[in-house]
Structure formats: structure tokens, C-alpha cells
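Sequences and hints are given; from them, build the entire structure.
Take a look at the letters that make up each chain.
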Amino acid sequence: MGHVATLIVLFPLLGFLLVLLNGRNMSERQIGAIGTGAVTASFVVSVICFFLLLHHSSREVTVHLFGWLNVGTLHVPAALLVDPLSITMSLFVTGISALIHLYSMAYMHGEKDYRKFFIYMNLFVFSMLVLVLANNLVFTFVGWEGVGLCSYWLISYYFDRDSAASAGQKAFIYNRIGDFGLLIAMFLLFSRTGTLTYLGIFARAGTLSPTIATLTVLALLLGATGKSAQIPLFNWLPDAMEGPTPVSALIHAATMVTAGVYLLVRMSPVLAMSSSGRMSIAVIGGVTAFVAATVATSQKDIKKVLAFSTVSQIGYMVLAVGVGAYSAAIFLMISHAFFKALLFLGSGSIIHALNGEQNMRLMGGLQKFLPLTFPTFLVGWLAISGIPPFAGFWSKGDVLTNVFEHNKLLWALGLLTAILTAYYMTRLFVLTFRGNERFGEVMNGHDPHESPWVMTTPLIILAILSAVGGVMDLPWLHHDSLAGFLEPTFGYVVAGHASTAAQFGLALVDTAAAVIGLLAAFSIWRSISSSSRYESSFLENVWHWDDFYDATIGRPLTRGAQFADDVIEPKVIDGAVSGVAVGLRRSGEGLRKVQSGFVRHYALATLLGVAVIVVYLVARVG
Amino acid sequence: MNVPAAWYLVLAAILFGIGAFGLLTRRSALIMLMCLELMLNAANLTFVTFSRTLSDISGQAIVFFVMVVAAAEVTVGLGIVVAIFRRRSSTSVDDLSELKG
Amino acid sequence: MHSSLWLAALLAVPLVGALVALLSTKTEGRSYLAAVVTASVEMALSLVVALLYNNHLAKASTYDFYSRHVLAAPFGLAYDVGVDGISLLMVVLTSLVVLLALLGSRERRHEPAFVGWLLLLTTFTMGSFVSHDLLEFFIFFELTLIPSYFIIGQWGGAERARAALKFFIYTFGGSAFLFVGIMYLGFLHQHEAGGPLTFAYGALSTTTMTHGTAVWIFIAFAIAFGVKAPIWPLHTWSPLAYAEAPIAGTIELSAILAKLGTYGLLRFAVGLLPLALADVRPVVLTLGVIGILYGSALACVTPDLKRLVAYSSVAQMGFIVVGVMSGSTIATVGAVLLMFNHGVITIGFFLIIGFIEQRRGSILVRDFTGLQGPAPVMAALFTVVMLASIGLPGLSGFVSEYFILIGTFATHAWWSVVASTGVVGAALYLLWAYQRVFHGRAEGANAQLPDATTRERWVLVPVVVLIIVLGVFPQPVLDRVTPSVQELIQHIAPAGLNK
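Protein chains in written order, with our numbering: chain A, 1 to 622; chain B, 1 to 101; chain C, 1 to 499.
Please keep in mind that the hints were generated in silico from the structure rather than gathered at the bench.
Just so you know, not all the hints are guaranteed correct.
Claimed, not checked - Only pairs whose alpha carbons sit at most 20 Å apart, straight line, appear in this in silico EDC-like list of lysine to aspartate or glutamate: (1) A:112 to C:107; (2) A:116 to C:451; (3) A:368 to A:447.
Unchecked claim - Under 8 Å between C-beta atoms, here's a sample of chain A residues computed to sit facing chain C: (4) 67; (5) 74; (6) 146; (7) 149; (8) 190; (9) 574.
What the hints assert, rightly or not - Here are the computed distance ranges between Cβ atoms for each label pair: (10) A:583 to C:179: 38 to 46 Å; (11) A:608 to B:5: 23 to 31 Å; (12) C:107 to A:562: 34 to 42 Å; (13) A:588 to B:90: 29 to 37 Å; (14) C:457 to A:112: 40 to 48 Å; (15) A:280 to C:286: 29 to 37 Å; (16) C:454 to A:540: 46 to 54 Å; (17) A:609 to B:6: 22 to 30 Å; (18) A:583 to B:5: 51 to 59 Å; (19) B:62 to C:139: 14 to 22 Å; (20) C:208 to A:3: 21 to 29 Å; (21) C:364 to A:110: 31 to 39 Å; (22) A:619 to C:490: 57 to 65 Å; (23) C:52 to A:583: 47 to 55 Å.
Positions of the beta carbon are idealized from the N, C-alpha and C atoms, including for glycine.
Shown next, in the form of C-alpha cells:
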């Protein structure tokens, strides 16, 4: 089992090295084949590992690779932990990655940095797999930072575009702020439990004091908000859409951005120690889901809508984690990966067809031009909106049911978000595929054309998965489901099981919410001319969140640094040193007046000096 | 006849005072040197006086040292004065402040 | 070959090389060749020392290659050398620095004096690191000033005279305190133990003294080492000196001479004066943390690339100071490792900046844009170095930084938390600089910028290899450093717990 599991990580690394070291002599087709092949191989191995694990006596298999860092009491191996959670993650990560790699082969055709793209993509998959498969926090951190780095590179892929360069940098910095949280969490756990391996921490999690547990959970949450684009660190994700669309689909929708959720789920035994920490997680998730959904209703760029939708959906996952519904969070994560990757790749197909146009106001009526993209996109739209029996209905329903049992207020917020979700997705759908054709200017009179099979095949596969993905975890399957497979990993589950009647009622409410949002959007966006008043500039500017950070943090810090450079450095610190020199010179100048050059003055001074000494001696003796 | 030691000391003090006063008030470098001699000899007188009253020969020994030093000093001093006089035809110290700081 | 001869050879080879280089004035370029050969021999020697050191690990004392000869008993002057795991890393770094500095400044191959000074500087630096005697250390420590002064003052930029003078006065001023401290300690020991005057490290470490005395000597040491490192707020000479010195000089200053300061702080201030630690620790830790934040802030607004690396070094030195003062084995190992890693990383930075400067005659950030287009290899090399400096796991910088932070957290949690914000700072200023220099659309002279030549790539290969190897597989290094650090920590720990 051990050696097999190592292959999951090794294949993408080999692909990366092969293209990095030898890629100059390879054709586009070879590079793409190696990149895609490596990830596909990794997926196949994951499937094998999954079945091996099913029949393995223990559900937790540690694979020791080599001793990485050993100093004093700190022992950090490079080792993998194969358990239901990590194998589930690696299954869907490699699966989706393989599809998106395939799609990219055609989508990136003719780009001048084709090779670089696949280098980054394979490195990304490698890092992501290290992240999910690592058996300790530090090794996870390797993957954690690796995916952040690849995301930075891929966002600023078109580096000669200033907006892309800035967006990449913004993403990296926001992630780094999150990393600060993750670091602190590691320090706290190491100082209290003396180990950083997951199994070691879980064994000693019970000994954590409530304060330490809460601090740790909050630090982990900060880390998760950075990587998973949650409030307060969510605004890098929309900017990240500057990257090529397959990147948005893979990294900024399906895999990397869910790493924060994965981390929280992974640390569930620590979360179990702090109810206030879990509450904070739930609130952050709920509020982010709502805020991002409102923003998505007013975006004009098709990818921006999807980006905010991603933030919102991850908010749901975080909310689920907060109420202890870990398997629901993972269920939503996987089904979201299906339909969001589908939607992004579909939008990529649309953008491809329209020569790179992303503004939805210049689309419309694409239904008849894109015979394969249209039906697959339709499935994605229905899935994310929560219409039964598509995957989103089941997974979102699972989350909301759990939240309902835990906190009615958060449930109401979640339901409101569900209405908004159906609304903005329908708006997107109507603006792109329905209505009159507004792309004349973009296309110079040509008709949009459907993408090649390499691009549409992944769409079809993802559409099928989005349609039937719900079977992974149907509510009436208790044991042979995703939840049944995962739950032993968590060891601790807060959420109870609602009665069948309640579940049925809630499912009806969810469906109603979805239908309300859907119908509202249809009636409003049927004609584009009258509907602009439903777009608010406040929402389009993301509640002025960036401006707020700029005014409260960015500018004061820059001004402070500038002040240090202009004043503190030259005047205060250097001034203190040159002040000593200046002081010496001044006192010398003052003393020089005493030296008149006249013998008489010196004689008088000597005499007075002698007199003073005599008086002193006399006074002392007398 | 035994003159009390105090008289010698008073005389020495007067001589020293005259010397110091002269040193401070006169302009001529020559006279200043003479005043300096006067002060040195006042000190010598004090040494001798105490040497006798305390029956300690070292006081008188020091006087010889002082006399030698004084002679050397006058030699050098006069030499400088002559050199200055040659350059400026004056021995007034008020004209000399080249060493002003 | 007697083991102590290896160290003697390490000291003698550059000295001989310097003489040869200076004497071969007549034939152009030959002195450069001689210097490169010398530096390569030195590199090989130090690697041999590093490998042989492993065989002696089983010994009780971690001090190896030890030998002592008293030269002038009345003054306590002795030739007293040896290496342990801590100095071993510095020895390797010293020879690496001079080799790469030479290879990176080929344009000065017709100036025998320049390469001569560089080799001389190597002897002195090497001497400081292998000294096991305070007076000997001080002499070498001071001698390093002379070559550095001439390298900056003669071959530097427009403001080289001012930079050299400022550098000299700051360092010299600091050293005055060190001298007084060493003398006081020596005489204190003689007064207490009797016998001839000695400054041997082992002897002085047994000196008993009062709390107050220890604190005063510590302060004297800390000022000297703080200037050299530089530790905030004694750093103001460094941006000017780094910016004005020729690339080889900047590399020497930042990569190795700065380490004399942090090495001295660990070995002599902390190692010899454990009594003072309880009192000075909070202060010095705070200075280190301020240095991290302050250096990061200034690196964000500074206009040229060399100053940027200078301020980033102030921040990195802050990390080292935090680790050195933490009293934790893990953090101290991290600090020692960071001394080495920072050395390698700054070599990389300054070599690349030097290559760019040669092409364009400027190091101002605003003069560049979009270099990644015309010079992708240079950009990639810069990226590797930058990421190591940011502390990306898998590269060398992470290992050391992580050790420092996690170790310090156990002993001084709050300082560690504030220091951890430095990980954001490093990303901020480096990515910002990267974006402005390498991203964007290249136009005019920028678009014509030639990419790294084959020679330049080869010069950077050792840097990149070290960055990756020490990030992925640092264990061989850790195995050598850890026992020495543990010994040091055990020596100072009981005193640290007094308060």
C-alpha cells in the first residue's frame, strides 16, 4: 500500500521535472500529453489506493518517505497519511485535475508559454496532493505554500499585463496573511502537544486547555480564510480571475481554495475542544456565503460572477465545518468541484468562442451556437442552483439540514444565500445563452463556434458527474455513503440525524428557495435594457471592501514606512550617531574661545586654579 | 639671634605676590621672565625655611633642582624673547597671540 | 596529516593566494586566475574539513581540529583554533562567498589589488570563525575592516568615500566596546584564577562574575556585534555601504561579514555571559523583532535593489537575533542555519543584481520593467532566490526561519508571534520589487536586455543547488550543528532559569 500511495504524489512531480528539464525539445502535444498523463496516472493510482484502503485492516496507513527535519524535540518526517479523508480528497483532486489538464491542452494552444503553463499545473497538482496526503502539519504546509505559489504564478501568467501581475501578488500576500495564522496554530500545537503529526495531535487533543484550543482554532481559521478566500481575506479570489480560465477552474474553484476547508476538517479533533472556535467558524462561513452571493448578483464579468459564487459556496462549506457537519462539508466540496469546474470550463468555452470576451453584456443568445457547451452548462447551472435531483441539491441540502439543527439564524442566512445563488446563476445563464445576440462587435460579424472535442469531453464528463453526483451521499444511505466512509476519520461528530420528516420538509424549503431565485431572475433579466437598476454599484464594488482595506491598512502602513524612510532612518537613528559627532565639534568650538593666545590670560587662569586648589586644601584641612 | 620661621614665610609670600602681580600686569616679556624668577625664588625660600624647621635636608636639595630648572628655563625663555625681538622689534607679549585657538 | 593542520591550511591558502595575485601584476588576468584557483582550493579544503568533522562526532567535545600555541605570554596572545558545528558552517560559507564573489566580478579581473584584498579578507574572516581565543578573534575581527574599507573605498560607486568612512567609523566604534569587554573579562579571569593572562575561550567561560558585570560586558559585546550584523538600530551604515560597494564587496559584507556579528553574539556574548541573559534577553529580543518589522517596512519603500536587499538583511538579522537569544535549541539551530542560508541567498541576490547593473548601469527599481520577457532565465533564478528568502517550504530559508519561530514560541511566545508577521513582510517587499522589475511590458532598453549568459548561469548554480538541497534534505547539516548548539544551550540554560 505504502509504495503505491507514494506514486500518487510522485507522478505529477515526475511530469513537472520532465517538462521543466527537457521541455525545450518537446512539441506542444508532447508537453500536454506528459502533463495530462502524469495527472491521469496519479488518478488511477488514487483509485487503486481507494480500493486497497477499503479492504485494508486499518483505515489509517502512514507511509514514511524520509526524515525531513530532526532537531532536538522537533521531528518532522516527509510522510503520507492515507486515510478515508485524504484518499477522498486525492481522488477528486486528481480526477478533476486530469479533466482540466485535458481541457487545457486545447485551450492553451498557441500560447507562447505553453510549456510553462504545464510546468506550473503539474507542480500545482503535486503540491495539492502533498497538502492533502501529508501526515503532519509542516509537510502539509509544504503543499499549502506550493499551491499558493503555483496560484501566484498562474494568476500572473500573462505577466506583461499589469492587472494580472498585481492580482497574482495580491493573492500571494493575502495567502501569506493566512499562513501567519497557520504558523501560529502549528506553534501552539507543538508547544502544547510536542508533536506535529496529525495522529499525534489527535491523540493529545484532549489535553488542550479551552483557551489554547480556542486560540488554535482561531489561528487555523485565519489560515483557512486566506487560502479559502473567506472574510476577511476573500477579495483576492475575484482578482485571481486574471489567470487563464482552466486555472480558475482547477485552482480557484475546485481544488486549492478548498484547502482551508480541508485543513479545518482535518483538524476536527482540535475543533472539538472549542465550541466558541467552532461558532466563529460557522459565523465566518455564513456571513461570507451571504456577502459573496450579494456581490455576485451585480458583476458584469462572467468569471467574476463565478468567482464570487465560489467564495459563497466555500462559505457554505466553512459553515458546515462550524456546525460540525464535516462530511457534509466534504460532500459539498466534491460536488462543488464538479459543477464549478464545469461552469468555469463552460465559461472558458464561451470566452474561447467569443475571442476572449468576458463581459456578459456582450454575450447573449449563444444557445444555438454552442451545441455542447449549452446543455452541459445548463446542468451546471441547475446543479449549483439546488434544483433536484442534481448534485448541488443534495450537498447543499445536507449542509443546510445540519445548520438548521444547530443554529436557526445561520440557517436563515444560508437559505437567503440559496435564493441569491439561484438568482445570480440564472442571471448569468440568461445573459449568456438566452436573449438577443449582443456579440456582433466582438466577433466582427463572424459566428461563435463550438470548441474542439478535447475541450468538450471534460465538459460532458463533469456534467454527468454534476447531474448524478448526489448519489455519493443520499440521505437515506447511512453506511455505504461518503459520510459513512469518512466519519471514522473525524472521531467526533456534533450533528445528530434529523428525523426523516424534518429532512423532507427542509428539502422542500430548499427547493422552494431555489425556484424563487430562479423565477425572480428569469422575470427580471428577460430583457436586459430595463434591468440595470437591479445592479448596484455598491455590490459591484464588493461592498467597497478593497477601498476599506486600502484606507485603513494599506495607506497608513505605506505612509508609516515612508515616514520611517524619510525621517526616522536619516534623522532619528542616523541623527543620534551624527549627533554625537556634531556635539563634539560644537563643544570644541566653544572651548577654543578660552585659548586666547595671550600669556597673561593663561597665567591668570593658572593662578586662579592654584588659588582654588589652595582654598580647597585649606578648607579640607581646617 | 633667631628669626622666627614665620618671617621667612611672610617674606616668601610677599616675593611671590610681587612676582605674580608683575607677571600679570607687565607687558614686556623680559620683565615677565624676571617676575617668574622672583616667584621661583619665593618658593625656594619656603623650601629652605621648612627644611630648617623640620630638619629635613631634602627641602634644600629640591632648591638646587629648582635653580637648575630656572636657569634652563631662563635660557630658553631669553632665547625665545631675543628671537621674537629680532622679528618684531618689540618684546610686548600683547602683540603675541599667534597660538590663539 | 595532523587534523589541526587543515585549519592552518585554511588560513594560509588565501594569504599565499593574495601574495601570488599581487605579485603577478605584470600579466593581465593572471592574478584573477590565481585568485580563482586559490578560492577553489579553499572551497575544497573547507569541504574536506566539513566531511572530516563527521568522523569526530563521537567525541565528547564537539570542538574539533583543535590546537593552541601561546605566541606572547605576557599579553595573553595565542594561536588557538578549532571548529565546532556552528563555526563549521561559517567556514564553508566563507570560502563559498569568496569563490562566488570572485566569479561574479570578472570585470575586475585586471585589478590584482582587488582580488588580493578579497583573498586577504578571506583569511581574516576565516581566522575569526576558527578562533577559539577572544584576543585572537578580536584581532582577526578588526583586521577584516582593512580589506573591506579599501574594497568599498576604491572600487565602490559614486559615494564610495562616504560609504567606506561611515562603515569604518561605525564598525570601529563598536569594536572599541568589544575590546574593553574582552580585556575586562581577561583580567577578571586572571585576577580570579591567577596564572598568566589568557583569553582562551574555555578558560574565560569558567569565570565567575556578578550579574551586573555580566550585563555590562554583554552590552559591550552586543554593541560591537550589533554594528557588524547589523542589528537595529545600529544598521544605518549598511544600506549605504551595500549600495556603494562593488558587487563582490557587497557580497562579502552581507553574506559573511554580517555573520561575524551574529556569530559573535551567539558564541561570545551569549556563550560566555549566561548570567546576563535573564536581564538582557527581553531587550535584545525586542530589538530583533523591531529589526524584522522595520527592515521589512523600509524594504518596501526603498528605491534601489541593493538597498532593498540591505533592509531585507536587517530583517533577516532580526530573525537570527531572535533565534540566538531565544535560549531554545531548535531556535538556535535555526539561527545558525539562517546565518548560512541568508549568506547563500544574499550571494544569489547580489550576483543577479550585479549582472543587471553591468548591463544597465542602474539598480534603481523604477528604471526596470518587464524583464521577465527578454530575460526569463534571469527572472527564474531571481525567483528561486526570492522564494527562499520569503521562506517557502522546500527551500532553505523556510527551514531556518521555521526553526527560529517554533523554537522561540516555546520560550518567548509573544516575540515569536510578532516575529511571525515578518513572513508577510518578506513576501510584501520582495514580490512588490519582483512585480515592478520583472513583470509588465518591457520597452526600450529593458526589452533589449540580454538574458543570463552561460557563465552567469553556472555561477548561480551552486546557489540554487544549495537553496534546494538545504530545503529538502537539511539533515546532514542539522546533524553537525545540533550537538554543538545543544552543548551551548546546556551551558547557558541553568543561568537562564535563575530568574
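Against the structure, the hints:
1. A:112 to C:107: violated, 35 Å
2. A:116 to C:451: holds, 17 Å
3. A:368 to A:447: OK: residue 368 of chain A and residue 447 of chain A at ~10 Å, within 20 Å.
4. 67: holds, 6 Å
5. 74: Where the cut-off is 8 Å and the nearest Cβ of chain C is about 5 Å from residue 74 of chain A, the hint holds.
6. 146: holds, 7 Å
7. 149: Constraint on residue 149 of chain A satisfied, holds at 6 Å.
8. 190: holds, 6 Å
9. 574: Residue 574 of chain A check passes; min Cβ-Cβ to chain C is 4 Å, inside 8 Å.
10. A:583 to C:179: 38 to 46 Å: 23 Å Cβ-Cβ, so the 38 to 46 Å window is violated.
11. A:608 to B:5: 23 to 31 Å: holds, 28 Å
12. C:107 to A:562: 34 to 42 Å: holds, 35 Å
13. A:588 to B:90: 29 to 37 Å: holds, 32 Å
14. C:457 to A:112: 40 to 48 Å: violated, 22 Å
15. A:280 to C:286: 29 to 37 Å: Given range 29 to 37 Å: holds, Cβ gap about 31 Å.
16. C:454 to A:540: 46 to 54 Å: Holds, at about 52 Å.
17. A:609 to B:6: 22 to 30 Å: holds, 27 Å
18. A:583 to B:5: 51 to 59 Å: Holds: the Cβ-Cβ distance is about 53 Å, inside 51 to 59 Å.
19. B:62 to C:139: 14 to 22 Å: Cβ of residue 62 of chain B to Cβ of residue 139 of chain C: about 47 Å, so the range 14 to 22 Å is violated.
20. C:208 to A:3: 21 to 29 Å: Once the Cβ atoms are compared, 59 Å apart, the range 21 to 29 Å for residue 3 of chain A and residue 208 of chain C is violated.
21. C:364 to A:110: 31 to 39 Å: Since residue 364 of chain C and residue 110 of chain A have Cβ atoms about 37 Å apart, the given range 31 to 39 Å holds.
22. A:619 to C:490: 57 to 65 Å: holds, 60 Å
23. C:52 to A:583: 47 to 55 Å: Between residue 52 of chain C and residue 583 of chain A, where Cβ atoms are some 54 Å apart, the hint holds.
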